[in-house]
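Asker: The hints should help you fit chains A and X onto chain Z, whose structure is shown.
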Amino acid sequence: MLRVDDIHLAFGGVKALSGVSVHAERGRITSVIGPNGAGKTSLFNVISGFYQPQHGTVTLDGQSITRLRPSERASSGMSRTFQNIALFQGMTVLDNIKLGAHTNLKSGVFSAGFRLGASRREEHDLSDAIQRDIIGLLELDKVQHHYVEDLPYGLQKRVELARALVMKPKILLLDEPVAGMNSEEKREMSRFVLDVRKDWNTTVLLIEHDMSMVMGISDHIVVLSFGKPIASGTPDHVRANPDVIKAYLGTGDEVAA
Amino acid sequence: MAGNRNILWAILLILALIALPALVPRYWIYFAGILGINIIAVHGLNIMTGYTGLLSLGHAAFVGVGAYTVALAQSKLGLPFYLAIPLAGVAAAIMGVGFGLPSLRIRGLYLVIATLAAQFILNFVFVHWQKVTNGDAGLTVQPATIFGYPLNNETRAYYLILVCDVAFTLFALNVIRSRVGRAFVAVRERDRTAEVLGVRIVWYKFVAFALGSFYAGVAGGLLAYFNQFVNPEQFGLLLSVFFLSAVIVGGMGSILGAILGAVFMTLLPEFLRGGALAVGSSFGFDISLILVPLRETVFGLLIVGFLILEPRGLAQLWKRAQQKFLTISTVK
Amino acid sequence: MNPMVMFAEYSAVGIAAGGIYALIALGTVVIFKSSQTFNFAMGEMMMLSAYFFYTAAVTFALGPFFGMIAALIGSIAVALIIERFALRPMMGRPFIAIVMVTFGIGSIIRGIVGMIWGPNSLDIPAILARSPVMIGGLFIPGKTARAFAIAVVIVGALIAFLRYSRAGIALRAAAADQITAYSMGIDVRGVIAFTWVIAAITGCISGVLMANVNSLTPSLGLVALNVLSVIILGGMNSIGGVLIAGFIIGWLESVTGWLIGTEFREITPYVLALLILLIRPTGLFGTAEIERI
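Residue numbers (this note's numbering), protein chains in the order written: chain Z, 111 to 367; chain A, 2 to 333; chain X, -4 to 288.
These aren't lab readings, by the way, just hints derived from the structure by calculation. Ideal Cβ placement from N, Cα and C applies to all residues, glycine included. Treat the hints loosely; a few may be bogus.
Reference listing, derived: stretches of chain A covered by chain X, where coverage requires no fewer than 3 residues with Cβ under 8 Å from a Cβ of chain X [stated by the list, open to error]:
(1) 115 to 123
(2) 287 to 293
Not close to chain X: a few residues of chain A, all C-beta gaps over 10 Å, as computed [unchecked claim]:
(3) Asn7
(4) Ile8
(5) Ala17
(6) Trp29
(7) Asn135
(8) Tyr150
(9) Leu152
(10) Ala168
(11) Thr170
(12) Gln229
(13) Val280
(14) Ala322
Looking at chain Z on its own, in the form it has when it is part of the complex (with noise of 0.2 Å):
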């Protein structure tokens, strides 16, 4: 599905990444992990295109996309959240959602000013769809109308994570979905991560600290260290891996959970 081969990122003469390659495969959800400064957000700009490699190839499909820029990137079938909320503060729950269907829809200025026929049904089409299939599934039917400024930082994950999904993207990047989450929040947020991919075989890259998460919920994990690829398996495989072990000892962080 989504293939990220031997990328080469520099800043000036800084390596952030060498020779990392991901492979997501297709109804799977794949994980990035690796201590801070591993180059696991670097990784994702350059997946949705903020970056351009001096080295290396994405490919979604099949299709090359890496000369696309970011909203032709979207056209094509891939959707993210952030790692800090992103979302649009000044709107409500339900229109941040609806402008995660940007790229489907393709209403203009004039048939949406004179509301012609295919712009009222676009936009009836599009409230149904987002009624039936996502406020259900991650349970914002209360906050709907809300504004998002007035909601938790939970929730405001899961609304963001909505606005990814409405698209019904052929590959989801997630952010750290569960950063500064509770672990109430988390195990939410894991459950709905697994609902989507079963509901509607979403290929899912997923980038976390959060280990319980990662080791829950992923088929295949990619380990980063320092911009270079140190391990990659399941997740046991992972675990037992001395090299990984040794990069998380040498941070602090703890892999086993």
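Answerer: Just chains A and X now, with coordinates in the frame of chain Z:
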């Protein structure tokens, strides 16, 4: 249910506005016409600045482009108003995009300066391109005619403006509630995130700028028909400040706000004049000299005051008052 | 007269006039560097200073020297009031909201000056001698030449001050990275207020000079909006670039006025600004800090 009630109120308001000329003196109707034109212009600036976050200091100049387009389309090409008005909008949109395009690709200050340049350069053209614009003396415009029926007094022109107001308000409302409007707000709030969601930022900035300038041009065209003349003095920097104040005072990014802001700012100079004249006559000096600077001071105070204290403007105050009223009435 | 000599003379006059632009631009750039705030009221601050000078020197008959001191004090007070009560509450708000606030302040000052001193031009006491200056056979009007000399001295002094004084170093630290500067114990708020004081001083001196060379009217500030294009031309983060740009604009205005017609002078800077935006948006000397989308 709330939506239905709003529609009911809007219909009542429009009926009242239709009946207005029968109820009030003619001077008021002139005033209502100017107000209606300002509403369209402020909608335009609100689409750019309020919704999309593109600050324009040259809105008055784009209104001027519309006004001159109508004057010239009528005298040189003999176009009727229903062709001249859209042409005015298109001309202003082309001008707007022409000035704005180089800086729409860049963030921050550059668009502000490009629009300021548009304000000064276009006004310069109005004054100095004598052959076409007749310089400071300006151009006269014949009233609009519909099927040979001339809209040659305030009341008749008022109805034309009223129809345009309803149409352009509805259009703006529809755009704002659509995919396009959501993209505008996304561009304003977090352009990086917008891009990840597939919103083509430069394109939507372009659309917002063209649409806002189109509104400005239409407002200018209507103004030309309404005043039956056009000169450069009408479209100076002070008018751009006026529109900006209206957007800020009304509430950036709110259709209701644009209307409230236009109403407030159109009435304000009249109150200022009335108040200043009353004060002046009681102290026995000629206050008319300070009216223009007084207006500048008050516009500036409103811009600064609302931005610091109530950045969501009158629309927010209105909403709060409404909620208070509702809770009181439900408690009773 | 020989066209080459004419060209040289117009060029010299223009470059001399550009000295004042450079001074105004310097005031705007320091504020921008400390707080990323673009001060659209700079022209009005400068115009107001000239009126302070007029009022102290003429109305209260203090004479030019004490008039200048009073004008400096008044300008600094106004700048600090603006910074404290209009800009500081806006910290952390969107960029365009802050720009709009400074724009509104400009409108307030323009209006107040119009109400107090009226729209007509006032005669300001001549602090600059009229006798023309000859440089290598070129004839330069006395006021322009002397204003240039003063502007150059002030600019030089300020740059030396910014480079070598503790306050200047704090300013550069804050400009480079506010948060780091803050954590190093630099009083960032103080630095910002300090840059407003610098802007008040450069604005006051340039305002009085400008009013001497041209005349004192409330639109003196609008003329200074030209400086905006200077700043784009120079690139917002390069002080040296902005200074050179000031001279280029002054030169271009003068030469355009001569070659095409005086009325074109007023739009020359804006046409140039648009051309720069089209060709090289980072400005001539700025580093490529502008984010393309």
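Asker: Beyond 10 Å from every chain X Cβ: check whether that's true for A/Ala322.
Answerer: holds, 24 Å
Asker: Any Cβ of chain X at or closer than 10 Å to A/Trp29, or is the non-interface label fine?
Answerer: For A/Trp29, whose nearest Cβ neighbour in chain X is about 27 Å away, the distance exceeds 10 Å, so it holds.
Asker: Does A/Thr170 clear chain X by more than 10 Å, comparing its Cβ with all Cβ atoms of that chain?
Answerer: holds, 24 Å
Asker: Run the C-beta distances from A/Leu152 to all of chain X and say if the shortest one exceeds 10 Å.
Answerer: Since the minimum Cβ distance to chain X is about 35 Å, A/Leu152 lies beyond 10 Å and the statement holds.
Asker: According to the definition I'm using, a residue is off the interface if its beta carbon is farther than 10 Å from all beta carbons of the partner; does A/Asn135 meet that for chain X?
Answerer: holds, 16 Å
Asker: Per the stated criterion, does the least C-beta distance between A/Ile8 and chain X lie above 10 Å, as a non-interface residue requires?
Answerer: holds, 33 Å
Asker: Should the label of A/Ala17 as a non-interface residue stand, given a Cβ cut-off of 10 Å to chain X?
Answerer: Answer for A/Ala17: holds, closest chain X Cβ roughly 34 Å.
Asker: The output says A/Ala168 does not contact chain X. Does that hold with a beta carbon cutoff of 10 Å?
Answerer: Holds, because the least Cβ-Cβ distance between A/Ala168 and chain X comes to about 29 Å, which exceeds 10 Å.
Asker: Confirm or reject the coverage of the segment 287 to 293 of chain A by chain X under the rule of 3 or more residues with a beta carbon closer than 8 Å to the chain's beta carbons.
Answerer: That given contact holds, which follows from 3 residues of the segment 287 to 293 of chain A lying within Cβ reach (below 8 Å) of chain X.
Asker: According to the definition I'm using, a residue is off the interface if its beta carbon is farther than 10 Å from all beta carbons of the partner; does A/Gln229 meet that for chain X?
Answerer: holds, 28 Å
Asker: Are there at least three residues in the segment 115 to 123 of chain A whose beta carbon sits under 8 Å from a beta carbon of chain X?
Answerer: holds (count 5)
Asker: Since A/Val280 was said not to touch the interface, does its Cβ keep a gap of more than 10 Å from each Cβ of chain X?
Answerer: holds, 13 Å
The structure shown violates none of the earlier numbered hints.
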